[in-house]
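Chemist: Model the full structure from these sequences, guided by the hints.
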Amino acid sequence: MIVKDVVEKLNLEIFSAPEGVDRVVTGGYTSDLLSDVMGHAREGQIWITLQTHKNIMAVATLKDLAAIILVKGFKPESDTLEASLAEGIPVLGSDLEAFELSGELFNILK
Amino acid sequence: MHLEFKVEGGDFSNAGSASSQIKRVLKQLNIDPSVIKRVVVALYEAEVNIVAHAYRGRIDAYISSSGIVLKLEDEGPGIPDVGKAMTKGFSTASKEVREMGFGAGMGLPNISDNSDVFTIDTIVGKGTSLNIEIKFR
Ligand SMILES: Nc1ncnc2c1ncn2[C@@H]1O[C@H](COP(=O)(O)OP(=O)(O)OP(=O)(O)O)[C@@H](O)[C@H]1O
Ligand SMILES: [Mg+2]
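If you read the protein sequences in the order shown, they are chains A and B. For the record, in the first sequence the residue sitting at position 69 is 68 according to numbering that gives the first Met the number 0, with numbers rising by one throughout. For the record, in the second sequence the residue sitting at position 79 is 78 according to numbering that gives the first Met the number 0, with numbers rising by one throughout.
Simulated from the structure, these hints should not be mistaken for laboratory data.
Which stretches of chain B does chain A cover? Using the computed rule of at least three CB atoms under 8 Å from a CB of chain A, they are:
id, region
1, 7-14
2, 18-31
3, 37-44
4, 89-101
Predicted model, so just to flag it, every value in this text is computed and none were measured. Each residue gets a CB set at the ideal place from its N, CA and C atoms; glycine is no exception.
Modeler: As structure tokens, then:
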């Protein structure tokens, strides 16, 4: 599955880096703690979080994550968007809460 | 090869820039991706700790054919109890820093989990030095 499939199936908004929708998705990781994601997320996963600041892009880039989904209608900050564009890793959005969104992502990936 | 970086306390907008440059260099050197992943996690956590907990610091990275040695030296409050600081979940991060999703108390354990050698030297009221070594094999 690629990011584009996830965007369509979960009806996500693409905030930035639409060219990154071809990135391959290998799984998901849900956490709002950056060092938890740093220590435990794996390459190719989609990261579900409510954090919107630029450091999430540093983590996503360093960990080679496929994309980030912001939950509950949160919007990325402007320097987050810039970093997303520079790295080609999409920042996506959903109105769902992390619990529901994680469940839906789990279902389409399993 | 020797690379050097400066880190400013409180400057979260540049946190991770040394890690991403080192990652690029190691990729160019064709280092095993699983080793690069470990280097990146360890260095990122050490770098962010200077930003979150110290006033300023420097990073010296020494890359050889056998591995990478990372030396991080900061001017800062130091760590009164290193054993406690190494415990998963222990954090003195401020409320603001926690709201950003830092302060889980997992940084030092992450460094320890991803390095072959990890030592901390610290003087309370002066600063902290980290020595991190990861072998390429
Ligand atoms: N360079 C440093 N200078 C002063 N204190 C430090 C330094 N690095 C770590 N510490 C102390 O050790 C504690 C634990 O560090 P650790 O990196 O494990 O967690 P954290 O930085 O608080 O949270 P996280 O890394 O999960 O975002 C810190 O809260 C702080 O009290
Ligand atoms: Mg830390």
